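Enquirer: Fit chain B to the given chain A structure using the hints.
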Amino acid sequence: GNSVTQMEGPVTLSEEAFLTINCTYTATGYPSLFWYVQYPGEGLQLLLKATKADDKGSNKGFEATYRKETTSFHLEKGSVQVSDSAVYFCALKAGGGNKLTFGTGTQLKVEL
Amino acid sequence: GAVVSQHPSWVICKSGTSVKIECRSLDFQATTMFWYRQFPKQSLMLMATSNEGSKATYEQGVEKDKFLINHASLTLSTLTVTSAHPEDSSFYICSARGLAGGSSYEQYFGPGTRLTVT
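Going line by line, the protein sequences match chains A and B.
Sequential numbering from 7 applies to the first sequence in my numbering.
Sequential numbering from 496 applies to the second sequence in my numbering.
Looking at chain A on its own, in the form it has when it is part of the complex (with noise of 0.2 Å):
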């Protein structure tokens, strides 16, 4: 089946840091892959995705490549600012449906 596996929080930044939280995925097929975020209080928000394979999905300063070989999507942003401190999730969608197969999140905190 579908999985999807990203890298235990919290991890904790300071501003401007480099961040990069890992995510890697097994499905079958090609899947399309995307980053979520959550707010405190708020909902899942689509903050990227990418549908084929070297694609890069970008948004807000982060960004994440579609890596077919590695079967990886990381998220990366060059410097993080306090008001990126939220839950990170990666997903993936496989096979023409609509059902999304989630990781476990990562909770970022970034600190002044």
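Calculated directly from the structure, the hints in this document are not laboratory data.
All values reported here derive from a predicted model rather than from experimental measurement.
Where a beta carbon is used, it is the ideal one built from N, C-alpha and C, also for glycine.
Warning: the hint list may mix true and false statements.
As the list claims (entries may be wrong) - Which bits of chain B does chain A cover? Going by a derived footprint, with three or more residues having C-beta under 8 Å, they are: (1) 526-539; (2) 544-550.
As the list claims (entries may be wrong) - Simulated restraints on C-beta separations: (3) A/82 with B/537: 17 to 27 Å; (4) A/26 with B/586: 23 to 33 Å; (5) B/561 with A/88: 38 to 48 Å; (6) A/84 with B/500: 52 to 62 Å.
Expert: Chain B alone, transformed into the frame defined by chain A:
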């Protein structure tokens, strides 16, 4: 745009009672709604998918008689936890899929409902 609300945001109920959770798409029509359950430090687990006007499709292992889903309109779906027990305590999240804000058929998530059964 693309706002999904849930009500209530948290609820405490006694064992054996039933509780209803509402999910509404506020500014778009949701052709499909999804219900997820999230345990602490675990991923969201899809419980069921519902299309407006049809019966919900439940994931394997989810009791359809215990978790009743109604998708009566293009903007409202409800999840009723019947005869709740402490093991049903969890965070329930809905999402809605439809054409919203120019984004073609993304899933938009509600803020979740914390259910505690005593």
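Enquirer: Hint by hint, note whether the structure agrees.
Expert: Against the structure, the hints:
1. 526-539: Holds: 6 residues of the stretch 526-539 of chain B have a Cβ under 8 Å from chain A.
2. 544-550: violated (count 1)
3. A/82 with B/537: 17 to 27 Å: holds (25 Å)
4. A/26 with B/586: 23 to 33 Å: holds (27 Å)
5. B/561 with A/88: 38 to 48 Å: holds (42 Å)
6. A/84 with B/500: 52 to 62 Å: violated (34 Å)
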